[in-house]
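Peer 1: Going line by line, the protein sequences match chains U and C. The numbering used here puts the last residue of the first sequence at 486; the count rises by one with no breaks. The numbering used here puts the last residue of the second sequence at 164; the count rises by one with no breaks.
Among the hints, a few may not be true.
What the hints assert, rightly or not - Derived pair list, reagent style DSBU-like, types lysine-lysine, alpha-carbon separation capped at 30 Å:
1. C:K92 with C:K49
2. C:K162 with U:K5
3. U:K184 with C:K54
4. U:K448 with C:K54
5. C:K136 with U:K5
6. U:K184 with U:K120
7. C:K92 with C:K162
8. U:K184 with U:K90
9. U:K97 with U:K448
10. C:K162 with C:K49
11. C:K54 with C:K136
12. U:K184 with U:K448
13. C:K162 with C:K54
14. C:K95 with U:K184
15. U:K215 with U:K120
No wet-lab data here; the hints were simulated from the structure. Given the structure is predicted, the values throughout are model-derived calculations rather than measurements.
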Amino acid sequence: MRISKHPIITFTRGREVEFEFDGRTLTGFEGESIAAALHADDVRVLRRSIRHGRPRGFYCAIGRCSSCLMTVDGVPNVMTCVTPLRAGMKVSTQKDKGALPPEEAHLPTAGQGLPEDLGKVPLAVVGAGPAGLSAAVCAGRLGVRTMVFDENDTAGGQLIKQTHMFFGSREHYARVRGIDIGRKLLDELRGLPVEVHTGVTVLGLYGDRILSLLKDGRHSRLAADAVVLATGASENVLAFEDCDLPGVYGAGAVQTLMNVHGVVPARRVLMVGAGNIGLIVSYQLLQAGVEVAAVIEAAGEIGGYHVHAAKIRRAGVPILTSHTILRALGRERVEAAEICRVDSDWQPVRGTERTVEVDAVCLAVGLTPNCELALQAGCAQTHLPELGGWVALHDDDLMTALPNVFIAGDASGIEEASTAMLEGRLAGISAAERLLPDLDRSEVRRLKDEARRGLTELRAGPFGERPRTGKRRMLESWKREAFARK
Amino acid sequence: MSHRSDGVLRPNELAGCVPSEERLARGPVVVVECVERIPCDPCVAACAKGAISKPGGLNDPPIVDFDACDGCGICLSACPGLSVFAVDASRKDGKATVMLPYEFLPLPAVGDEVTALDREGEAVCGARVTRVLSSKALDRTPIVSIEVPREHAMTVRHFRRKGA
Numbered sequence: 001m002r003i004s005k006h007p008i009i010t011f012t013r014g015r016e017v018e019f020e021f022d023g024r025t026l027t028g029f030e031g032e033s034i035a036a037a038l039h040a041d042d043v044r045v046l047r048r049s050i051r052h053g054r055p056r057g058f059y060c061a062i063g064r065c066s067s068c069l070m071t072v073d074g075v076p077n078v079m080t081c082v083t084p085l086r087a088g089m090k091v092s093t094q095k096d097k098g099a100l101p102p103e104e105a106h107l108p109t110a111g112q113g114l115p116e117d118l119g120k121v122p123l124a125v126v127g128a129g130p131a132g133l134s135a136a137v138c139a140g141r142l143g144v145r146t147m148v149f150d151e152n153d154t155a156g157g158q159l160i161k162q163t164h165m166f167f168g169s170r171e172h173y174a175r176v177r178g179i180d181i182g183r184k185l186l187d188e189l190r191g192l193p194v195e196v197h198t199g200v201t202v203l204g205l206y207g208d209r210i211l212s213l214l215k216d217g218r219h220s221r222l223a224a225d226a227v228v229l230a231t232g233a234s235e236n237v238l239a240f241e242d243c244d245l246p247g248v249y250g251a252g253a254v255q256t257l258m259n260v261h262g263v264v265p266a267r268r269v270l271m272v273g274a275g276n277i278g279l280i281v282s283y284q285l286l287q288a289g290v291e292v293a294a295v296i297e298a299a300g301e302i303g304g305y306h307v308h309a310a311k312i313r314r315a316g317v318p319i320l321t322s323h324t325i326l327r328a329l330g331r332e333r334v335e336a337a338e339i340c341r342v343d344s345d346w347q348p349v350r351g352t353e354r355t356v357e358v359d360a361v362c363l364a365v366g367l368t369p370n371c372e373l374a375l376q377a378g379c380a381q382t383h384l385p386e387l388g389g390w391v392a393l394h395d396d397d398l399m400t401a402l403p404n405v406f407i408a409g410d411a412s413g414i415e416e417a418s419t420a421m422l423e424g425r426l427a428g429i430s431a432a433e434r435l436l437p438d439l440d441r442s443e444v445r446r447l448k449d450e451a452r453r454g455l456t457e458l459r460a461g462p463f464g465e466r467p468r469t470g471k472r473r474m475l476e477s478w479k480r481e482a483f484a485r486k
Numbered sequence: 001m002s003h004r005s006d007g008v009l010r011p012n013e014l015a016g017c018v019p020s021e022e023r024l025a026r027g028p029v030v031v032v033e034c035v036e037r038i039p040c041d042p043c044v045a046a047c048a049k050g051a052i053s054k055p056g057g058l059n060d061p062p063i064v065d066f067d068a069c070d071g072c073g074i075c076l077s078a079c080p081g082l083s084v085f086a087v088d089a090s091r092k093d094g095k096a097t098v099m100l101p102y103e104f105l106p107l108p109a110v111g112d113e114v115t116a117l118d119r120e121g122e123a124v125c126g127a128r129v130t131r132v133l134s135s136k137a138l139d140r141t142p143i144v145s146i147e148v149p150r151e152h153a154m155t156v157r158h159f160r161r162k163g164a
């Protein structure tokens, strides 16, 4: 099912094309993900688990979880949630790990990759989300030639699915919808010495800041004088009985389906988690015409803003705090969920179980920084629960323990997109400062102070306590480590 | 119990947002149902009369000067939290008008009979749509005015289209 009319989004779809799924002819729109096209055609089981043959469906929608691996045009293990649909594609459910493809098998790609040797660039930014694009804008304005890489086909990161207006003040794009902020950032890049390359995976970051890149199945190499890692975050999962049943989705995946591809994600949803993401996505589901049975939250209190909670409450959605999900029910897809109350020790209270009829369970239970690239590059890491887990150790200019390698946005600690943009600015300015020794020092200081002031302001309230504490502990760790290095 | 447990403001939590009976009787006025310390201030910038302020800074809950506010409602679509409403309880016909942000399709039409809902989404009474604003300046946050019995002016905060 497709969303035909939406109060906020105007969907721009590619031309309608036919493709083959396990011998059947289906239709979809060119350029949307294969998995989205299948979902719109009511295909829920995309693969089977290798050992137990359990059905697996759409889950993360950002090419991370491997729940959607299928054989496409003879090539096995294709991440169908991030692979664009083309006319005439042959998509099939694969057996086990799939068969080795015949030598001539290949996925049709839009381009021919990047040149094998890209030479040297002053600044490489990994990730074209709010932090990465903001870093590029600031570095570019100071005259630093910059290349931005993103593995997705569209720049903007998670902004492209945020239909709500942002909070903050005017300088933080308050009152502007996330979907429009991504476009604004790309507009700001116009005329600057910045190139944005989408569909590029940064495979590794090696000594002397050599980046290994992959585009259209071809490898490239690039040397950079400085790097900003703005790799974002991944959604957390939650373990409960049959949590792998098709129809259990990450909240971000639901947003991708309905707000990017215009596909109705479900008829009736149980939302797990009453932080801002759970509350906002519930509201977006209502806007897409989907019923939300309830939002459940294991903690005794709602984690997100009251104003987000109020929007769904007055529309009739209950928010059940001190509640958890026990199991998903259904044979090949979610048909219901069993929930119950939890006590103050977060233990299920016997006798409070009840079944909620839903065809999807949406998980909004937090995020974890994407620290793999920083870890592979050899950036020293530290574990800070307030920032979402392992994060690269960084100073107050956001530079990691590797010289001229910076980290910004959710990758440096889980927060909001507004703070991600300010961190991106700070990282971009700091990188420029180190690359261009002739820059006007007082101007650089003014720009950095401005970004820092914004961060302090956005983190000042009670909802900023976690990141505030996390960032303070980060600086303490940094100073300890720096002392140890001396 | 507080709004943190279920998302619904209690009367004592609303107290600071609600204009006096005397002010309500004088003419249209806004009700800003924003009680937490969150970093946000577009409402302050939106008001041409300077009626909304955050004297303690970006994270303070907004304070409305009910004497300066004339209930024009321009701040309704500026609020990212959709937490601003405007109420005209000064009418002499036993009715009140509630202006509210409404980001759903299809938009109602003037004259439509709808079901008015309270902060918990419970049906309160029937209501009639009296105005629908949906200009480019509102940036996809249309403002709908509905007419309800006077006694429900401070409880009605949303509506459901008949048959929906």
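Peer 1: Now, for every hint given, state plainly whether the structure supports it.
Peer 2: Consistency of the hints with the structure:
1. C:K92 with C:K49: 27 Å, holds
2. C:K162 with U:K5: Within the cut-off at roughly 19 Å; holds.
3. U:K184 with C:K54: Measuring from Cα to Cα gives roughly 28 Å; hence the hint holds.
4. U:K448 with C:K54: 26 Å, holds
5. C:K136 with U:K5: Measuring from Cα to Cα gives roughly 18 Å; hence the hint holds.
6. U:K184 with U:K120: With Cα atoms ~28 Å apart, K184 of chain U and K120 of chain U stay inside 30 Å; holds.
7. C:K92 with C:K162: 27 Å, holds
8. U:K184 with U:K90: 38 Å, violated
9. U:K97 with U:K448: 50 Å, violated
10. C:K162 with C:K49: Not satisfied, since the Cα-Cα distance of roughly 37 Å exceeds 30 Å.
11. C:K54 with C:K136: 27 Å, holds
12. U:K184 with U:K448: With a Cα-Cα distance of about 21 Å, the restraint between K184 of chain U and K448 of chain U holds, given a limit of 30 Å.
13. C:K162 with C:K54: With a Cα-Cα distance of about 39 Å, the restraint between K162 of chain C and K54 of chain C is violated, given a limit of 30 Å.
14. C:K95 with U:K184: Between K95 of chain C and K184 of chain U the Cα gap is close to 44 Å, so the pair fails against 30 Å, i.e. violated.
15. U:K215 with U:K120: 18 Å, holds
Hint check: violations occur at hints 8, 9, 10, 13, 14; the rest are consistent with the structure.
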